[in-house]
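Student: Could you put the whole structure together from the sequences, leaning on the hints where they help?
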Amino acid sequence: MNNTITFTTPEEAVKVIKSGDHVHLSSVASVPQILVRAMTARGAAGELKDVYIHHLHTEGAAPYAAPELEGAFQLNSFFVGSNVRNVTQQGYAGYIPVFLSETQRLYRDHILPCNVAMIQVSPPDKHGYVSLGTSVDATLAAVECAETVIAVINRHVPRSFGDSFLHLSQIDLFVEDDTPLIEGHFAEPNEIEIAIGKNCAALIEDGACLQMGIGAIPNAVLSQLGDHKNLGVHTEMFADGVLPLVEKGVINGANKKIDKGKIVSTFLMGSKAVYDFIDDNPGVLMKDVGYTNDPFIIAQNPKVTAINSALQIDLTGQICADSLGTRFYSGVGGQVDFVYGASRSEGGIAIIAMPSMTNKGISKIAPILTPGAGVVTTRAHAHWVVTEHGAVNLYGKTLQERALALISIADPSCQEELDRAAFERFGPHHQYIKASCGM
Numbered sequence: 002m003n004n005t006i007t008f009t010t011p012e013e014a015v016k017v018i019k020s021g022d023h024v025h026l027s028s029v030a031s032v033p034q035i036l037v038r039a040m041t042a043r044g045a046a047g048e049l050k051d052v053y054i055h056h057l058h059t060e061g062a063a064p065y066a067a068p069e070l071e072g073a074f075q076l077n078s079f080f081v082g083s084n085v086r087n088v089t090q091q092g093y094a095g096y097i098p099v100f101l102s103e104t105q106r107l108y109r110d111h112i113l114p115c116n117v118a119m120i121q122v123s124p125p126d127k128h129g130y131v132s133l134g135t136s137v138d139a140t141l142a143a144v145e146c147a148e149t150v151i152a153v154i155n156r157h158v159p160r161s162f163g164d165s166f167l168h169l170s171q172i173d174l175f176v177e178d179d180t181p182l183i184e185g186h187f188a189e190p191n192e193i194e195i196a197i198g199k200n201c202a203a204l205i206e207d208g209a210c211l212q213m214g215i216g217a218i219p220n221a222v223l224s225q226l227g228d229h230k231n232l233g234v235h236t237e238m239f240a241d242g243v244l245p246l247v248e249k250g251v252i253n254g255a256n257k258k259i260d261k262g263k264i265v266s267t268f269l270m271g272s273k274a275v276y277d278f279i280d281d282n283p284g285v286l287m288k289d290v291g292y293t294n295d296p297f298i299i300a301q302n303p304k305v306t307a308i309n310s311a312l313q314i315d316l317t318g319q320i321c322a323d324s325l326g327t328r329f330y331s332g333v334g335g336q337v338d339f340v341y342g343a344s345r346s347e348g349g350i351a352i353i354a355m356p357s358m359t360n361k362g363i364s365k366i367a368p369i370l371t372p373g374a375g376v377v378t379t380r381a382h383a384h385w386v387v388t389e390h391g392a393v394n395l396y397g398k399t400l401q402e403r404a405l406a407l408i409s410i411a412d413p414s415c416q417e418e419l420d421r422a423a424f425e426r427f428g429p430h431h432q433y434i435k436a437s438c439g440m
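Just so you know, the working numbering puts 337 at position 336 of the sequence shown, and the rest follows in order with no gaps.
Please keep in mind that the hints were generated in silico from the structure rather than gathered at the bench.
There may be inaccurate statements among the hints.
Stated by the list, open to error - Below, a list of computed lysine-lysine pairs in the DSBU-like style, where the Cα atoms sit at most 30 Å apart:
| hint | residue 1 | residue 2 |
| --- | --- | --- |
| 1 | 398 | 199 |
| 2 | 230 | 273 |
| 3 | 230 | 263 |
Said to hold, decoys possible - Here are the computed distance ranges between Cβ atoms for each label pair:
| hint | residue 1 | residue 2 | range |
| --- | --- | --- | --- |
| 4 | 394 | 124 | 44 to 52 Å |
| 5 | 328 | 348 | 34 to 42 Å |
| 6 | 110 | 20 | 22 to 30 Å |
We treat Cβ as the ideally placed atom computed from N, Cα and C, and that holds for glycine.
Tutor: Structure below.
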């Protein structure tokens with residue numbers, strides 16, 4: 002095998018993109034920004050028309066989604082990140098609703114073509130293998146299916162294990178860039194988030210296998226787990242919050258049945274400390290999203306504890322996590338994958354954790370979902386719901402019992418109004434259930 006690399010410029014590399022092509026970008030911190038800028042410059046110069054861009058959540062600028070480049074590029078993302086939220090809500094970009102576990106199938110099953118995959122990788126080892134580093138997700142599938150693969154070799158990309166390795170022979174064009182990866186820094190949890198973290202932590206048993214995302218609430222949960230034992234991690238993403246627990250020996254994967262002793266993820270976003278942690282670390286497996294997010298694989302570990310968030314929940318347990326009314330805010334993501342996987346796991350727990358109120362003082366527990374809001378997790382999938390006011394399990398409960406349970410963890414200032422709405426919806430039986438519970 003030829004392990005020699007001949008580098009070209011970003012401008013030369015992106016000349017392989019033709020009008021009408023479908024282009025995949027690697028995700029989160031691994032976006033090949035130098036190629037994005039070169040591609041966008043071609044569109045701005047009138048050289049490209051109707052180029053379709055696909056990706057999961059990405060960090061950094063997304064200039065191809067700018068309204069003034071409409072006609073040159075069409076973004077059809079698999080998740081609506083903050084950098085493309087406004088243009089998606091304004092109608093300049095599209096969103097493809099899809100379970101995170103199935104994003105790879107869009108390429109492998111030829112639902113979407115992939116003419117060009119633009120990725121960012123580590124320098125090659127002595128055997129000619131590079132690593133996808135912080136993001137394997139659907140990018141591996143894109144590489145497998147692409148007609149042309151352009152790779153940015155970047156010494157800041159960690160050499161991760163798992164499904165992340167590609168041989169140089171799988172790549173067609175090489176560009177070099179030494180720009181450090183974008184880091185994610187998250188504010189310290191506030192009092193409400195700490196209370197939610199404590200309520201979640203109280204549900205987590207020793208030996209549990211954790212899935213949680215990034216942000217204040219996951220960090221608040223992790224900060225409460227210092228006295229736990231033998232925790233594992235099988236997740237779609239993680240950030241800095243896991244590192245102290247690994248160092249302390251709390252997270253060791255000893256109770257896992259598959260990938261025992263390993264932290265399993267498909268992408269991550271954090272500080273340089275996280276990127277350094279996975280570099281050359283066989284204790285972390287960065288896997289294909291079709292593996293990490295397969296509910297039937299997730300369920301093979303015992304005590305899977307999945308912690309996800311919501312934008313709104315109605316009194317029957319319908320969970321909206323992707324939209325604010327008709328405006329798309331994020332995406333389906335991996336919530337259903339892990340809620341279902343955890344519920345099938347022996348001793349597993351699926352948790353939806355959220356503040357009881359929005360920043361604008363509106364109850365996130367609502368009589369009905371805002372018109373236009375999407376149900377990501379159905380009322381039949383819903384199990385535990387946690388706010389700063391407590392934790393309730395909806396599973397096996399009637400509609401009336403669910404309503405009472407959810408009202409009990411709503412903000413006290415909203416409970417009377419919610420109770421009135423429940424009575425109007427469910428009638429006298431709601432009052433009967435309420436009385437029988439001593440409420």
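Student: Each hint needs a verdict: does it hold in this structure or not?
Tutor: Status of each hint after checking the structure:
| no. | hint | verdict |
| --- | --- | --- |
| 1 | 398 <-> 199 | holds (24 Å) |
| 2 | 230 <-> 273 | holds (27 Å) |
| 3 | 230 <-> 263 | holds (15 Å) |
| 4 | 394 <-> 124: 44 to 52 Å | holds (49 Å) |
| 5 | 328 <-> 348: 34 to 42 Å | holds (38 Å) |
| 6 | 110 <-> 20: 22 to 30 Å | holds (25 Å) |
Hint violations for this structure: none, all hints satisfied.
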